[in-house]
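Engineer: Sequence:
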Amino acid sequence: MTVLDVATALRRFASAAEGIDAERGLLQAARAGGRGALIWMADRPALVAPSAFSRLPGFERSSAMSAARGWPFHLRPTGGGVTPQGPGIVNLALTGPADGLTTDAAYRGLCDIISAALVELGIASEPGPLAGSFCDGEWNLLCGGRKIAGTAQRWAPRPSPNRGWVFLAHAAILDEVPLAAPLAAIDALHCELNLPVTSGPSAHTTVALEREAGRGASLGEALAGAISGTA
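So the sequence shown is residues 1 to 231, counted in UniProt numbering.
Worth flagging that the hints you see were computed from the coordinates, not collected in a lab.
Mixed in with the good hints there might be a few duds.
Ranges between beta-carbon positions, derived for each pair [as the list claims (entries may be wrong)]:
id, residue 1, residue 2, range
1, G216, G164, 37 to 43 Å
2, A208, G229, 19 to 25 Å
3, G132, G164, 35 to 41 Å
4, A184, G128, 37 to 43 Å
5, P157, G128, 17 to 23 Å
6, A156, R55, 19 to 25 Å
7, G128, P178, 31 to 37 Å
8, R163, A67, 19 to 25 Å
9, G132, G229, 20 to 26 Å
10, R108, L56, 41 to 47 Å
11, A180, G100, 29 to 35 Å
12, P157, D21, 19 to 25 Å
13, R158, D104, 19 to 25 Å
14, N194, P157, 15 to 21 Å
Model, not experiment: these values are computed from the prediction.
From the three backbone atoms N, C-alpha and C, an ideal C-beta is built for every residue, glycine too.
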């Protein structure tokens, strides 16, 4: 029986690249049979997108221009679209052997944990798509019709002699970040890559904007509690 290694406190990384590397380490451990969870935040702002973005025309120039604006661009192993990182954005990563899990079931498990944590902060949420939100998908988490978290996954085969797959399910949660700057950074990059822009702050919200007064726990603490409840 494997044991879920729960990150009971928010881990701080100097950059989003370091957080992405830590998630890769969790996925590698999952290939050996382990299950893991990581709650983290980057100290510096950045934009992150799937590795496939590196094949887009004009990628190198657009990446350099984004960095010059104060938003360095990093590639990640999961799918989806461009996601902001930095202070006020909390990430949750879950890894483990798939053991018959489907992608929808992995998303559901991830969203259930985040929703349970948000309930502890007085916030109701539900999964669903939202046109005009960054990195839009069927498994966004929405609060009052606005996006509060985005999700993505990566699956990898287990090495011989094991069989089957392992998964990494990731969420970026808008905790205490002012919305205008990261969304403007995404839109600037999208314009340079000939991609649709977002609908701006009106399509998004944060934990800080939605939480009930008097709920003293941090988002990281609430997530750790929700993970412990599923272990």
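Engineer: Give a verdict on every hint.
Structural biologist: For each hint, the structure was consulted:
1. G216 - G164: 37 to 43 Å: The hinted range 37 to 43 Å holds for G216 and G164, with Cβ atoms some 42 Å apart.
2. A208 - G229: 19 to 25 Å: At 24 Å between Cβs, range holds.
3. G132 - G164: 35 to 41 Å: Between G132 and G164, where Cβ atoms are some 37 Å apart, the hint holds.
4. A184 - G128: 37 to 43 Å: 25 Å, violated
5. P157 - G128: 17 to 23 Å: 31 Å, violated
6. A156 - R55: 19 to 25 Å: 20 Å, holds
7. G128 - P178: 31 to 37 Å: 24 Å, violated
8. R163 - A67: 19 to 25 Å: 42 Å, violated
9. G132 - G229: 20 to 26 Å: Violated: the Cβ-Cβ distance is about 33 Å, outside 20 to 26 Å.
10. R108 - L56: 41 to 47 Å: 31 Å, violated
11. A180 - G100: 29 to 35 Å: Check failed, 43 Å falls outside 29 to 35 Å.
12. P157 - D21: 19 to 25 Å: 21 Å, holds
13. R158 - D104: 19 to 25 Å: Given a distance of about 21 Å, which is inside 19 to 25 Å, the answer is holds.
14. N194 - P157: 15 to 21 Å: 34 Å, violated
The structure fails to meet hints 4, 5, 7, 8, 9, 10, 11 and 14 from the earlier list, while all remaining hints are met.
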